[in-house]
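Asker: Listed below are the residues making up each chain.
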Amino acid sequence: MSNRLTPVRLLRLCLKELRESLRDRRTIVTLVLMPLLVYPLLSLVLNRVLLTGMKPNQGSTIIVGVSTELRDSGLPSILVDGQALLYDRQLSPVYLETTLEDQKLLSSSGREDGGTELPSLKAIGLSDDGRSSLRDGSIDLLISRRAADESEQDSEDQRSAKSQFGDDEAIKAYLNLIGTYEVRYRKDDQRSERALQIVERVLAAINNRTTQEVVGRHYSIPFRLQATPVVMKSDFADLLATMIPLVLVLMTMAGAVYPAIDLTAGERERGTMEALIVSPTPLHAVLFAKYVAVVTVALLTALANLGAMTLTLWVSGISKLIFGDGILSAGVIGTVLALLVLFTMFFAALLLAITSFAKSFKEAQAYLIPLMLLALTPGIMSLLPDVKFSGLLATVPLVNIVLLARQVLVGSAEWHTALISVTCTGFYALAALAVAGKLFGSDASMHGSQGSWRDLLSRPKFWQDMPRIDQMAMTMAVMFPLYFVASSLLPRLSEDFETRLSYSVAVSFALILFFPLAVCWFAKIRFTTAFRLGLPRAWTWPLLLPATLLVASSAWMFAHELVLIGQSAGIGTIGEEQMEFVQRMSKQLQQVPLAFVLFALAITPAVCEEFLFRGMVLSSMHRRSALSAIVLSAVVFGLMHVLTSNVLAVERFLPSTYMGLILGWIALRTGSLWPGMVVHCCHNGLLLAVAHYQDELIEMGIFVEEKSHLPSHWLIAGGVMLAIGILLFWFCGWGKVAHVEEESN
Amino acid sequence: MVICLIVTSNLSKRFQWAGKAIDALNGVTFNVSGGEVFGLLGPNGAGKTTTLRIIMGLMRPDSGYVEVGGVRTSRDSSAVRANIGMVSTNDGVYPFLSVREMLLYFADLYAVPMSTARKRLDLLVEQLDLSRFVDQRCCTLSTGQKQRVILARGLMHDPPVMLLDEPTRGLDVVGSQTVFEFISHLKDLGKAVLLSTHRLDEAERVCDRFGLLHRGNLMYTGTLDEIRADTSQEHLTDMFLCMMKSAEQEKSGDTACPTV
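Protein chains in written order, with the working numbering: chain P, 660 to 1404; chain V, 2 to 261.
I should point out that these hints are in silico values taken from the structure, not numbers from a laboratory. Hints are not guaranteed to be accurate.
[What the hints assert, rightly or not] Simulated crosslink set (DSS-like; lysine-lysine; CA at most 30 Å straight-line):
(1) P:781 x P:846
(2) V:21 x P:1183
(3) P:1120 x P:1018
(4) P:1021 x V:147
(5) V:120 x V:147
(6) V:147 x P:1018
(7) V:21 x P:1120
(8) V:21 x V:246
(9) V:120 x V:188
(10) V:147 x V:188
(11) V:21 x P:1018
(12) P:1120 x P:1183
So that you can see chain V by itself, here it is in the shape it has in the complex (with noise of 0.2 Å):
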C-alpha cells in the first residue's frame, strides 16, 4: 500500500499587498508517497515558496488543511516540522563553527540524541564524502563543499519527507549533479520527496511526478507520460509554456491548447 507522506488538500491563501489582495494559493491539492520525487514547478511569484511554508507549519492556510506523516500542520506543527528536512536556495553555514559541530547542532534542534547524532554524522559524512573537511570550519570550505554540508544538514535527523527548494541554484553542473545524485539517494531511502524549482530540465531528469503551478493553480498533476497525454507536449518545457497561454486564454474564453 502506497503510503502518502504529504497530504496537501485545498489550500488557499491570499495576501495583502499595497491595499490589493492577492491570491498566492487557490485550491492547491496534491500527495506525495514515500520513495516518490514530486517536482512543484512553476515561474517566480507561482506560489512554491508559500506551499512549501504552509506543509511547513510555518504560514497558516486561509483554508484547506496539510498532512504530513498523518499529523495536520493545524494540530501540531512541531510534530510536523520534526517529520520534516528541509534544503533551500538561500540556505547557508556557520562560518565560524567546523561542519561536525553545525551538524550537531541542528541534530540537537531537532531533539536527537547525541550518541544517534554522533552515528548520524558519521553515516552522513561517508555518503556524501564530507570526510576530508569534516572538521574545518565553514568559512574555509567551497561552494560545492557547504552545499553538502547543507544537504546532510537537512538529514541529520532523519526525516521521512524532503523539502527541496530551487536545491540548484547557483550552482554549477558539478554542484547540480551533487544535488541530483542526493535525490535519488533520497528516493532509494523511501522518503518523500518535494522539489520545488522553476528549472524544467532538472525536473525533467529526477521526478516521479509533477504539478505545475501558475498564479496560485496548480494546473496540471500527475506523471510525466499524463502531463504529456493532457498537453499534447513532448517537453515540460512546452508543457509549462502551453500552460501559461491556457491559462492567458482562459481569461478570455478560450481554453484549448496551441500547438507549440
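Here chain P stands alone, though its shape is the one from the complex (with noise of 0.2 Å):
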C-alpha cells in the first residue's frame, strides 16, 4: 500500500470532515437559521434608525413668540406672511444644512414641492419679557426689544427711509419696524436652533423683498446659490457601511466556530483522536482536510448572510437609503465576497489553531470566547466615524478586512491599502495554519499538562537544516507587519534625509536579517544549510565573477521592460502627486555621498533580503520541489517590494519578481547564498550610480528616461549578456545537481 497523499484521497478526506460538519444540525442552524433570523430583525432596526434619524421637526409648528413691547407692533403678522417667502428661491436664502433637511423630508413623504413639509411658523404676542417661556419650552425662540446700542442707529434708518419712502403704501407697514431685534433661544436645542434658522431665511426673505420693491421690480439679488443634492445619502451611510461588513465578518466568524470546535476538540472528546494520529496519513494532511470543511462551512455561512442580507436591504429598501443608486452592484457585492475568503481562511486557521490545543468542546469554548471578545473590539472600533483606514490599521487583523470591504461598499477603496491587508491576513492566515500544524494531535495537547503553552515556544531538542514552511511562515507573519509599521514610521522621526535612510538601514538589519536569524537560532536551524552561507567551489570562482557582472549589468533592462509592460497592461498605481516623490528622492539621493548611498540602498537590501528570501524563504520551501520553492520565494519577493516600499506601486511586481526568480535560481545553481548578493547588490548599484550621475549621463546623452523603452540594440546586447551570465552560472553548478536533487527530496 503506497501511502502518497494524492489529491484524489486528500479530496475524499476534506469530503469527510465537510460531510459530517454538514450533517450536524448545530451548524445548520448557524447556517440556514441564523441569517433568516437575523437580517428582517436587523432591517427593522434600521429602519427604525433611519426614520428617527430624519424626522426633526417634521410636520411641527415653530412657536416664535413676541416679547410685551414687540406685542402691537407689525412684526409678529410679518413673521407669518413672509413665512410665504420661503418657497421663493428667488428670495429666500439657501442653507446647505437646510436644503438637505428638506430634501431628506421631501424624499422621505414622496413629495417633490416644498408644500408644507417645512415646520409651519406661528407667532405669538407675549405678555413678558417671554425668557421664562423660552425656558420651559412653550415658545421655541423669543424676540425681543431691539437691542440697546443699536436704537440710535435704527431710529436714524427709519427717519432716513421714511423721508424717501414715505409715501409709498406697499413698503409703509415695514418702516417702522425697521432696525435690530434680539433673539433668542435654546443652545444646543435642535427644536430651537431649527426655530432661529427658519426665522433668519424668513427675515432674510423679507429682507430681499423689500429691496426689490424699493429698487424695482426688475430688480435682481446679485448673488444667488442654487444648492443641488445629487445623491441622497443618510447620515448613518458611513455608519451602516462600516456595520454591513463587521456583520456579515462577525457571522461568518460564528459560522466557522462551531465546525473548527467539533473537527479539532470534537475528536477528542468523541476519541477519535488517537486513531487519526495512529494512521500513517500525515497529521497536517488531516488538518488540512478539517481546514477546508472549516472554510467552506464558514463561506457557506458569508453566502447565506450575503444573500440574505442583500435580499433584506433590497427589498427593504434600505439599500437605496444607504447607498444611494447603483452603489450596490454585483462588483461590490462579488468584492466583499472575496474578502470575506480571505477573512474566512484566516479566521478559521486562527480557530483551528486555538481549537487544536483543547481537549474537549467546553475548552474549546472557553479559550474562543475571549477570542471573539477581542474580535469584537476592532470590530467595533472600525465603526468609529473618525477612523482613517490608513497603512497601520491595514496591517491590523479583521479591522483592516472590515475597513476595506467599507470602503469597496462607498466605492472609495484604494490599492494600497488593500494590498497590505490581503498580504498581511495572508500571512497571519499562513502563520495561523503553521501553530495549528504543530498543535493539533500533538503530545502536549493528547496528554497535556499544564506547561504546555510553553512547549510549544520550547527549543527543540534537535537541530534541523532547513527550516519548515510552518517557521517561515509565523517569520513572516511577524516580521511583515513590524518592517512595514517600523519603515513608516520610524523616517517620520527626522526631517534629514540621511538620517532616514540610516534608519532604514537599521529597521532593515533588525528585521529582515537579525530577526530570521534569531529565530533560526531559537528553532536550532543550522545557519550554514538554511542560509547556504557555504562558499561556492574553489574552481567555479572564475566564472561567477565574470557571470555576476554579466547578469548584474543587465539583468535591470529586461526589468525596467517589465514596469513598462504591466504600466501598458494596467498594472499601475504610480501617479502624478508619487511620481513627483520619486524624483524629488532622487533629487535627494544626489546630494548625499554616492558611497552611504550605495551603503544604504545596495549593499544592506541585498545582504538583508538575500539572507531572508534566499536564505529562509527558499530553504523553506525547498524540501518539495526546487521550481516551486524559486517561484514562490521570488512572488512573496516581489509581494515584499511591492507593498513597503516608500511609494507603494504595484508595478514594482513584476520587475521584483522576475530579479527574484534569478536570485532564486542562482542560489540553489551554485549552492551558495554570496553569488546572488553579489549580483543584487550590483544590481542595485548599478542603478543607483546611475541616478546619482544622471544629469552628466543627459550630457552625454545616454540617459533613458524613466517612461520609454530601451533602445531595441540595448535589449539585444542586454539579453546576450544576461545569457552569458547565466549560462556561467550553470556551469557553476556543474556537479552539483545530484546534490541538488537530493537535498530536494
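With the hints in hand, could you dock these two chains into one complex?
Answerer: Structural data, given as C-alpha cells:
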C-alpha cells in the first residue's frame, strides 16, 4: 500500500470532514436559521434608525414668542406673511444644511415640492419678557426689544427711509419696524436652533423682497446659491457601510466556530483523535482537510448571510437610503465576498490553532470566548466615523478587512491599503495554520500538562538543516507587519534625508536580517545549511566573477521593460504625486555621498533580503520542488517590494519577482547565498550610480527616460549578456545537480 | 520459524513532572510473535500506555528501540504505523457518519485502495456481524455495536500487528465476550496481538504470554506456567500482588516472594 497522498485521497478526506460538519444540525442552525432571523430583524432596526434620524421637526409648528413691547407691532404678522416667501428661491436664502434637511423630508414623503413639509411658523404675543416661556419650551424662539446699542442707529435709518419712501403704501408697514431685534434661543436644542434658522431665512426673504420693491420690480438679487443634492445619502451611510461588513464578518466567524471546535476538540472528546494520530497519513493532511471543511462551512455561512442581507436591504429599500443609486452592484458584492473568503481563510486557521489545543468542547469554548470578545473590539473600533483606513490599520487583523470592505461598499477603496490588508491577512492565515499544524494532535495537547503552552514555545531538542514552512510563515507573519510599520514610522522621526536613510538601514538589519537569524537560532536550524553560507567551490570562482557582472549589468534592462509592460497592461498605481515624490527623492539622493547611498540602498538590501528570501524563505520551500521553491520565494520577494517601499507601486511586482526568480535560481544552482548577494548588490548599485550621475549621463546623451522603452540594440546586447551570465552560473553548478536533487527530496 | 513481529529492546523513558524526573519505563524488553497474544499487565501508571505509544512511534524512547515487522520506529514511523491496528479504551466513533462511511474513511487514512477497502469492509461486516447497522449513522448505535465498529476499524487495513489498550473497560459481559472472540479471531489470523490491561482475569483467559509491568519495570515475562514457577503462585492476581510486594521489599533488601 503506497501511503502517497494523492489529490483524490485528499479530496476524500476533505469530503468526510465536510459531510460530518454539514450533517450536524448545530452547523445548519448557524448556516441557515441565523441569516433568516438576523437580517429581517436588523432591517427593522435600521428602518427605525433611519426614519428616526430623518424626522426632526417634521410636521411640527415652530412657535415664535414676541415679547410685550413688540406685541402690538406689525412684527408677528410680518413673520407669518414672510413664511410664504420661504418657497420662493429668488428671495429665500438657501443654506446647505437646510437643503439637506428639506430633501430628506421631501424624499421620505415622496413629495417633490416644498408644500407644507417645512415647519409652519406661528408668532404669538407674550405678556412678559418671554424668557421663562423660552426656557420651559412653550415657545421655540423669543424675539424681544431692539438691542439697546443699535436703537439710535435704527431711529436714524427709519427717519431716512420715511423721508424717501413715506408715500409708498406697500412698504409703509415695514418702515416702523426697521431695526435690529434681539433673538433668544435654547442652546443645543435642535428644535429651537431650527426655529432660529427658519426665522433667519424668513427675515432674509423679507429683506430681499423689500429691497426688490424699493429698487424696482426688475431688481435681481446679485448673488444667489442654487444647491442641488445629487445623491441623497443618509447621515448613517458611513456607519452602516461599516456595520454591514462587520455584521457579515461576525456572522462568518459564528459560522466557522462550531465546525472548528467539532473537528478538532470534538475529535478528542469523542475519542477519535488517537485513531487519527496513529494512522500513517500525515497529520498535516488531516488538518488541511479539516481546514478546508471549516473554510467551506464558514463560506457557506458567509454566502447565506450575504444573500440574506442583500435581499433584506433590497426588499426593505434600505440599500437605496444607505448607498444611493447603483452602488450596491454585483461587482461590489463580489469584492466583499472575496474579502470574506480571505478573512474566512485567516479566521478558520486561527480557530483551528486555538481549538487544536483544547481537549474538549468546553475547553475550546473557554478559549474562544476571549477571542470573540477580542475580535469585537477592533470591529467596533472600525465603526467609529473618524477612523481613517491608514497603512497602520491595514496591518491589524479583522479591522483591515472590515475597513477595506467599507471602502469597497462606499466606492473609495485604494490599491495601497487593499494590498497591504490582503497580504497581511494572508501571512496571518499561514502563521495561524502553522501553529495549528504544530498543535493538532501534538503530544502536548493529547496528554497535556499545564506546561503545554510552554512546550509550544520551547526550543527543540534536535538541530535541523532547513526551516519548515510553518516556521517561515510565522517569521514572515511577525516580521512583515513590524517592518511595514517601522519603515513607515521611523523615517518620520527626522526631516533629514540622510538620517532617514540611516533609520531604514537599521530597520532592515534588525527585522529582515537579525530577526530571521534569531528565529533560526531559537528553532535550532543550522545557519550554514538554511542560509547556504558555504562558499562556492573553488574552481567556479573564475566563472562567478564574469557571470555576476554580466547578470547584474543586464538584468535591469528587462526589469525596466517589465515595468513598462505592466503599466501598458493597466497594472499601475503611481500617480503624478508619487512620480513627483520619486523625482524629489532622486534629487535628494544626488545630494547624499554615493558611498552612503550604495551602503544604504545596495549593500543593505542585498545582504538582508538575500538572507531572508534566498535563505529562510527559499530553504523552507525547497523540501518538495526546487522550481516551486524558486517561484514562490520570488513571488513573496515581489510582494514585499510592492508593499514596503516608500512609494507603494504595483508596477514593482513584476520586475522584483523577475529578479527574485534569477536570484533564487542562482542560489540553488551555486548552492551558495553569496553569488546572488553580489549580483543583487551590483544590480542595485548600478541603478543607484546611474541615478546619481543622471545629469552627466543626460549630457552624454545616454540616459533613458523613466517611461520610455530601451533602444532595441540595448535590449539585444542585454539579452546576450544575460544569457551568457546565466550560462556561466549554470556551469558553476556543474556536478552539483545531484546534490540539489537530493536536497529537494 | 517463529517470526517476532514486535520487538522491544531495553526501552527507557523518563518524564519531567512538576520539576521531578519520573521513570516511566526502565529497560523494558519483550517480543511478540505472529499468532501470539501477549498480555502487558500492570496497575494504572505502570507504563503500559507509554510502551504502546513508543511502539506506535508517537513517542521517542530515551534509550532502546522498537521494531515492528522488522522496521524500526526511529527509521520509518509511518511504515510502522501502517503495520499496526490500534484499538483503545477511549476510542469513539463519528456520530454523523454511517458505519460504512467511517470504516472506509479509516481505510483511506491507511491508503488502502478503495476497491480493496470495500471488499475488506464486506468481510469484516460478516465476521463481526455488522450487517444490521452498517448503513446506520454511528450516533444511533448501542455501546456494544459501537465497540464492534471500533474493532472493525482497527482491522480495515489488515495489519499484521494489533495493539489493544484496555479494550474491555466499561463494557458489560456481552461486550467483553465480543472482544474476547475478536482476540481469538486475530490469533487465528496469525496476527501478533499486544493486549494491555489491568483486568487480570481476562488476560488469563486470552493471553499466551504475559509481561508484568510495575513502575516502568518489566518484572516477569513468560507463559502462565513459567510465571507460576517463578512466583510460586497459582493465579495471575496472586502473582501480581506477589510481584508488587517483591518490588517493595527489593527496596528494603529482601527479595523473597512471600506466600499469599
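Asker: For each hint given before, does the structure comply? Return the numbers of the non-compliant ones in rising order.
Answerer: none
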